[in-house]
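Peer 1: So the chains spell out like this:
2 protein chains.
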Amino acid sequence: MSLDAIPIQVVHTTPPGEPGLTGNAPPLLRELLEQVERLLETGVPSAIDLSALPLTPADMDWLRNALGPGEIDVTLDANGESTLSETGCPGVWWITHRNEQGAVTSQFLEVTFVPELVKAHPQDVAMGRETLERLLADL
Amino acid sequence: MSLDAIPIQVVHTTPPGEPGLTGNAPPLLRELLEQVERLLETGVPSAIDLSALPLTPADMDWLRNALGPGEIDVTLDANGESTLSETGCPGVWWITHRNEQGAVTSQFLEVTFVPELVKAHPQDVAMGRETLERLLADL
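Read top to bottom, the protein sequences are chains A and B.
For reference, each letter of the first sequence is one residue, going 1 to 139 in our numbering.
For reference, each letter of the second sequence is one residue, going 1 to 139 in our numbering.
Among the hints, a few may not be true.
Same chains, same names: a pair is fine if it fits in one copy or spans any two.
[Stated by the list, open to error] Result set (SDA-like, lysine to any residue): computed pairs, CA atoms no more than 25 angstroms apart in a straight line: (1) Lys119 with Asp138; (2) Lys119 with Arg30; (3) Lys119 with Gly20; (4) Lys119 with Pro57; (5) Lys119 with Ala58; (6) Lys119 with Glu130; (7) Lys119 with Thr56; (8) Lys119 with Asn65; (9) Lys119 with Gly102.
It is worth saying that the hints were derived from the structure and are not from the lab.
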């Protein structure tokens, strides 16, 4: 093994060829590249439903390590916790939904400037307005 | 004291009149209501710079308790940690910036559907595209 191979071992904790890797994860990087290009050119977001693909836990680890960590982590607590983490590729978000018992129910890679779930929806903001009106009435 | 007063004590851990309260916090609720109405009517976001106002720690606690906790918490780690927490009034976000030593450097109430800082900017997404291209070239 040449010295050049060492950085690859650092990035991928499970090197290709290790038990559990199916080879299904690397093609997703090409899919993500196409989705990122579409986002930049047209503004249209997209997503890959990881739960619907034949990926092993080792494949998931490989993918997560390849994309690397980002700067933004979002936690959404509504009937179970969801985490929306920007990856080391800005615009690519790793999204994990859990049920109220904490079990993972689905995982997505979303390619978007900001995940839809992080936005407050106008009907919720209208409820926020009512809450403020109630607080003011109680002063 | 009538029984009707009890819920107010539950919401405000420091009841009005307690030491440290200046009375500067309650008017901010009216300001927030106006900003939320503007957001709903025009889509224009706005913010209140809490660090620039004469608010004591007790005032800040009162305000935070009055608004209550929301469902979304964002952590942004870039030259110090920033937290962006939706309050119990959707569309009103409590934003705290810290320096690399963890000391609070500024606090804002931002009235917006989603804080600007949570969005990936196009130039960052373009860097993400390059990262993906590099990952694919290394496969």
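Peer 1: Next step is simple, just say for each hint if it's right about the structure.
Peer 2: Against the structure, the hints come out as follows:
no., hint, verdict
1, Lys119 with Asp138, "neither (29 angstroms within a copy, 36 angstroms between copies)"
2, Lys119 with Arg30, "between (28 angstroms within a copy, 23 angstroms between copies)"
3, Lys119 with Gly20, "neither (37 angstroms within a copy, 35 angstroms between copies)"
4, Lys119 with Pro57, "neither (30 angstroms within a copy, 29 angstroms between copies)"
5, Lys119 with Ala58, "neither (32 angstroms within a copy, 30 angstroms between copies)"
6, Lys119 with Glu130, "within (19 angstroms within a copy, 27 angstroms between copies)"
7, Lys119 with Thr56, "neither (32 angstroms within a copy, 31 angstroms between copies)"
8, Lys119 with Asn65, "between (27 angstroms within a copy, 22 angstroms between copies)"
9, Lys119 with Gly102, "within (23 angstroms within a copy, 27 angstroms between copies)"
Hint compliance for this structure: hints 1, 3, 4, 5 and 7 are broken, all remaining hints hold.
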